[in-house]
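Peer 1: Please build the complex by placing chains B and C on the supplied structure of chain A, with the hints as guidance.
One-letter residues, chain by chain:
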Amino acid sequence: MVKNMVEPITAIAAALAIGISAIAAAIAEKEIGTAAVGAIAENEDLFVKGLIMTVLPETIVLFGFVIAYMILGA
Amino acid sequence: MVEPITAIAAALAIGISAIAAAIAEKEIGTAAVGAIAENEDLFVKGLIMTVLPETIVLFGFVIAYMILGA
Amino acid sequence: MLKPKKMCKVTVAGPKSIRDTAVSFFYDKGILHIDDYTKPDNEAVLDIGTPTERASELSEDLVKLRSIKKHLNIVKKNGGKVISIDRPNQKEISEQINKIDAQIVDSIDKIRAVNDSLSLLKAKEDIVAPISSLGLDWKVFTQYDSLSYMVGYLPKNVDISRFKKELSSITGDVEMFHAEYMGRQVIALFVIKDKADETSTLLSNNSFAPINLKCLEEFEGKSDNILKTIKDEYTQLTNEKKRLKCAMEELGEKYSSFIIDNEADFSKDIELGEVPLRFAESTNAFVIEGWIPQEDFISMEAELRKKTDGKIYIRSRKAVEGAPVELKNPKGVKPFEFLIDLYSRPSYGEIDPTFFMFLTFPLFFGFMLGDLGYGLLTFALFYIIRTKVKVAEIKSVLSVLMFASFMTAVFGIVFGEFFGAEHIFGYHMTPILHRLHHPITLLNLAIGMGVVHVNMGLMIGFYNMKKAHGLKAAILEKASWMFLQVGGVLLALGNMTAGAAIMLVSAMMITLGEGLKGLFELPSIVANILSYSRLMAVGLASAILALVVNEMAGMAFSAGGIGLVVGTIILLAGHSIAIFLGFLSPFIHSMRLHYVEFFMKFYTGGGQKYIPFGRRD
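Protein sequences, first through last, are from chains A, B and C. Here numbering that gives the first Met the number 0 is used: position 7 in the first sequence is 6, and no number is missing along the way. Here numbering that gives the first Met the number 0 is used: position 40 in the second sequence is 39, and no number is missing along the way. Here numbering that gives the first Met the number 0 is used: position 426 in the third sequence is 425, and no number is missing along the way.
In isolation and in its complexed conformation, chain A is listed as follows (with noise of 0.2 Å):
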């Protein structure tokens, strides 16, 4: 990877941005992923259904990796 020559505080910034979103987006899918399970387990067509709400909050994430990536600047 490229040497990077990144300020301190700027790397915990870009560590807190995911961090964070991290922990948001899991907070969701495992409530909705528990919910799926349940359902699956008593319909197993219900699969897919269950697979896609579960993963619906992953843009969070993916929003604070994007960030976080930027704020690296890279």
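Source of the hints: derived by calculation from the structure; they are not laboratory data.
Quick list of in silico lysine-lysine cross-link-like pairs, DSBU-like style, CA-CA up to 35 Å:
#, chain 1, residue 1, chain 2, residue 2
1, A, Lys-48, C, Lys-38
2, C, Lys-69, C, Lys-244
3, C, Lys-389, A, Lys-48
4, C, Lys-516, A, Lys-48
Peer 2: Coordinates of chains B and C only, in the frame set by chain A:
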């Protein structure tokens, strides 16, 4: 060499996203195991659902790596 | 390949005399997917058919057979010696089954009785043993005129000497025996009757647990002898139980092929016999409604007519609604069908995405894992396993993984990675794109693939929509998104007016096509495309992991001596983990990209599986 605060940043990046991914996978995984206990055919689907949050820690990992500029 | 097999809706009817001929014909052919007939109302002329008598008889026997199979733990062994049984008539088989059943029931009852006796014995032992440890004769525990006795356990924490002191403070007319049995304190107290109550109180204050001796009234003599008697009986019963179980096993061995073969035959006959329940029948005729693949229809028709001397009535017509779906794909693409089935079968009219998955799934996978060494290794591994496995589904999974491994190897060459390193045993590879040095390029590629994939999805969606709902709907609901992207790109490039205008028009089309919720989903196209950045993230992660393993091993190696051993272990363990993760992650993410981002652009699914009636090999 890596500045201390930078090192902390990298640690935070991977650490916080790891906790996040773990929280999600733990909940879903528990539900999945319960479902599998009732019906063994659900193993594959349960497995897939459980690892869906993996992306979260993956992103943290990449950012941590980039922070370290290594 | 891009569409499921074409189906004809068929109606087959005829007089009852040819019904069984027709049924066995279709059973052997295995091409007819039956639409079960349900009686619309009470006045309908046609009722559901009645099963053959044979089927009902066989049902009972089959149930017995299955229960016998379970009790005797009979498992079908491949390649076992098959004792060919000449087929006596059904009555004899039935009798044989009943005989075996009776024997089993008898054995089970006997075993149960033995188990009961054993439990009883154990209970008795639990009472006699502690007493015998006190060294007392049984006769001691009888009714006395002036004495009361108490026998039981004191908790471990009760100090015997202290207890004795307390006892003597109540009365001196008391005799106490105590011993240890299985880590617990047993005591027997004989106290003068008028002090019995006080003694009881002292005992309960010390958490005394009495032993009930009533059930042992039948015993006489020293406790030691009694104990021996009990133990002997116990051994005897246990042996009896073993004997009974052995007998059952022998029974199982003797009749295992009888049971397995008959189970198979019965199942087939019952299926044949019960299928009329799915037909419509009148007093003299039967009607079957179902589906047959177009390609099989013509030859089937000719043959059936011949078999039934032309008495059969067959009609076919093209139809779409309610048709079962059977995917039609060439040999290379076929293994990917299991990925589609995991999701949902395509509905009859729409495009079968298997081929697209065949193209892009290994591509994404390889892009993410991208290592020549891993790819070659796993390709060989999966190939070997596949030759050993018989189950069709697992074979498909392995085929898919082999394709994935192949692409991994290809991208390994592109990225210049061989087990994480840049050289293959000294030969230096020149990567076309070094992942760790050019993450930006990687990201751009990933997003680029995202754009292509998503729009591929939109185009397939466009085709499906056009077919189902016409050109206007297709443009409003699918093409609109593509225009939206064009507008967005123009806007980003700086062309404000044109960009904004196109985006506005697209937004309006989307609202027209999908309603207000379509409008709310405008940002989703951005999220979907960005989602493909995971291709870069997973890719980087796998490259980094391999690199780190190599670096750690390198440090161990340069330490020398024991370091060489440690280093090798690190290499083996580290790369194994990397491969395992390296397969799990890209597999799931590639799958997820297809299921969520790709399929959501065009796929409806919900197709009914094609399950033909008849012989399966």
